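J.: Protein sequences, first through last, are from chains A and B.
According to full-length UniProt numbering, the residues represented by the first sequence are 1 to 169, in order.
According to full-length UniProt numbering, the residues represented by the second sequence are 1 to 169, in order.
Treat the hints as calculated values from the structure; they're not laboratory data.
Keep in mind the model is a prediction, meaning the values are calculated, not measured.
Some clues are possibly wrong.
Chain B regions said to be covered by chain A (calculated; three or more residues, Cβ under 8 Å) [stated by the list, open to error]:
1) 8-18
2) 114-128
3) 132-140
Derived Cβ-Cβ restraints for the label pairs, each shown as a range [claimed, not checked]:
4) B:Arg74 - A:Pro39: 40 to 48 Å
5) B:Thr59 - A:Arg94: 50 to 58 Å
6) A:Cys90 - B:Pro39: 31 to 39 Å
7) B:His148 - A:Ala104: 31 to 39 Å
8) B:Glu34 - A:Asp8: 19 to 27 Å
9) A:Asp82 - B:Arg74: 39 to 47 Å
10) A:Asp8 - B:Thr102: 22 to 30 Å
11) B:Thr102 - A:Arg87: 48 to 56 Å
12) B:Asp129 - A:Pro130: 38 to 46 Å
13) B:Arg81 - A:Arg78: 32 to 40 Å
14) A:Leu106 - B:His35: 40 to 48 Å
15) A:Pro91 - B:Pro130: 55 to 63 Å
16) B:Pro91 - A:Ala104: 55 to 63 Å
17) A:Asp134 - B:Pro130: 17 to 25 Å
Note that the Cβ used here is the ideal one computed from N, Cα and C, for glycine as well.
Number of protein chains: 2
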Amino acid sequence: MDHNVFDDPRITAIGLLFEASAGLSARFAAQFEEHGLSPVEFEVLMRLTRSPGHQLRMTDLAAQTSLSTSGVTRVVDRMERDGLLRRRACPSDRRSSYAVVTAAGLARLDETLPGHLQIIEQWFTGQLDPAALDSLLDGLRRVRDAVHPGATAGSTDPAPAHVPSAAGC
Amino acid sequence: MDHNVFDDPRITAIGLLFEASAGLSARFAAQFEEHGLSPVEFEVLMRLTRSPGHQLRMTDLAAQTSLSTSGVTRVVDRMERDGLLRRRACPSDRRSSYAVVTAAGLARLDETLPGHLQIIEQWFTGQLDPAALDSLLDGLRRVRDAVHPGATAGSTDPAPAHVPSAAGC
DNA sequence: GAGCAACTATAGCCGCAGCAATATTCCCTG
DNA sequence: CAGGGAATATTGCTGCGGCTATAGTTGCTC
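Produce the complete structure using the sequences and hints provided.
T.: Dropping the structure here:
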């Protein structure tokens with residue numbers, strides 16, 4: 001029990017990261033639900049809204065989220081049924097289709113975002129003084145860049161740097 | 001586009017936290033799979049093994065993981081079928097039952113842990129010099145303590161402080 | 001000691017999401 | 001321009017896990 005694995009600083013470190021992350025996720029989910037959104041739906045709304053024309057091809061949307069292409073198909077199904085999104089055929093490539101944010105989708109996002117930002121501030125960024133926060137973010141950025149989830153990532157990147165295949169459309 | 005929400009420092013911050021966390025999760029999942037474990041199964045194995053007698057009542061196990069009680073029932077079903085765990089009736093309370101780690105379960109954990117620790121070091125703790133790491137962990141601890149996932153948390157706590165109801169057993 | 005509320009584990013039902021298979025379309029090569 | 005390989009979206013199938021209902025057990029109160 002002297003060099004118990006459970007006391008290993010690495011276990012402690014990863015525990016802190018995951019608990020902080022999970023705790024925030026739970027707060028977010030609760031607030032999203034108040035506005036009739038699931039976490040994935042919010043993420044989809046964010047990704048699409050920040051994209052040019054408030055739209056993205058299904059594949060590209062999948063690449064920018066934590067979802068597979070079939071997962072995207074179903075989320076877009078639900079959100080289209082709820083009027084938040086709309087499918088649009090790609091004129092130049094008849095295999096592709098766009099998911100486009102509707103006015104209702106934009107409104108829903110606008111209605112959800114203030115509370116979301118407030119929660120981030122209350123439970124995360126506001127918990128630390130500016131210097132400590134910078135320090136934390138620097139560390140996270142280092143880790144993020146190292147582990148680079150590839151498709152899962154990109155939230156901070158203004159453009160995915162990929163610009164995969166939205167060329168002809 | 002001047003005060004675009006997407007460029008809000010809070011969005012950037014939470015993006016970094018989630019991407020780092022998700023990236024590490026993905027690495028972990030891949031390594032767990034090499035040893036025939038899912039992330040939840042690994043978590044269950046860790047929680048039980050660090051508990052006195054390598055066992056925990058189903059309810060307490062649920063409280064210490066990200067699972068509901070019915071979720072625990074099913075995970076334990078699977079792991080019992082695979083020989084990693086074993087159910088044991090609680091002698092003093094016939095409603096309760098224990099999940100106990102078997103020798104095979106311990107062996108599986110021992111076989112999985114070194115690689116797990118190595119991944120943590122390679123992609124997380126080893127990415128930063130000691131001072132920066134301390135800084136990062138301090139920040140995370142602050143956030144963790146604030147958001148305190150309640151049941152979901154506890155990974156770093158040697159004892160859950162609760163010591164819920166394992167009294168009579 | 002009978003009744004009742006709280007607790008414990010489980011089973012039914014459901015939605016979600018990944019993988020693999022499929023149909024369609026595109027593009028490149030000969 | 002014919003044919004084959006790659007890309008795109010969708011669907012079937014599966015496993016996972018939460019919520020709710022249920023059955024059994026406990027302890028408390030009258």
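J.: Each of the hints needs a verdict: does it hold here or not?
T.: Taking the hints in turn, this is what the structure says about them:
no.	hint	in the structure
1	8-18	holds (count 11)
2	114-128	holds (count 8)
3	132-140	holds (count 8)
4	B:Arg74 - A:Pro39: 40 to 48 Å	violated (23 Å)
5	B:Thr59 - A:Arg94: 50 to 58 Å	holds (55 Å)
6	A:Cys90 - B:Pro39: 31 to 39 Å	holds (37 Å)
7	B:His148 - A:Ala104: 31 to 39 Å	holds (36 Å)
8	B:Glu34 - A:Asp8: 19 to 27 Å	holds (20 Å)
9	A:Asp82 - B:Arg74: 39 to 47 Å	violated (31 Å)
10	A:Asp8 - B:Thr102: 22 to 30 Å	holds (23 Å)
11	B:Thr102 - A:Arg87: 48 to 56 Å	holds (51 Å)
12	B:Asp129 - A:Pro130: 38 to 46 Å	violated (21 Å)
13	B:Arg81 - A:Arg78: 32 to 40 Å	holds (34 Å)
14	A:Leu106 - B:His35: 40 to 48 Å	holds (46 Å)
15	A:Pro91 - B:Pro130: 55 to 63 Å	holds (56 Å)
16	B:Pro91 - A:Ala104: 55 to 63 Å	holds (59 Å)
17	A:Asp134 - B:Pro130: 17 to 25 Å	holds (18 Å)
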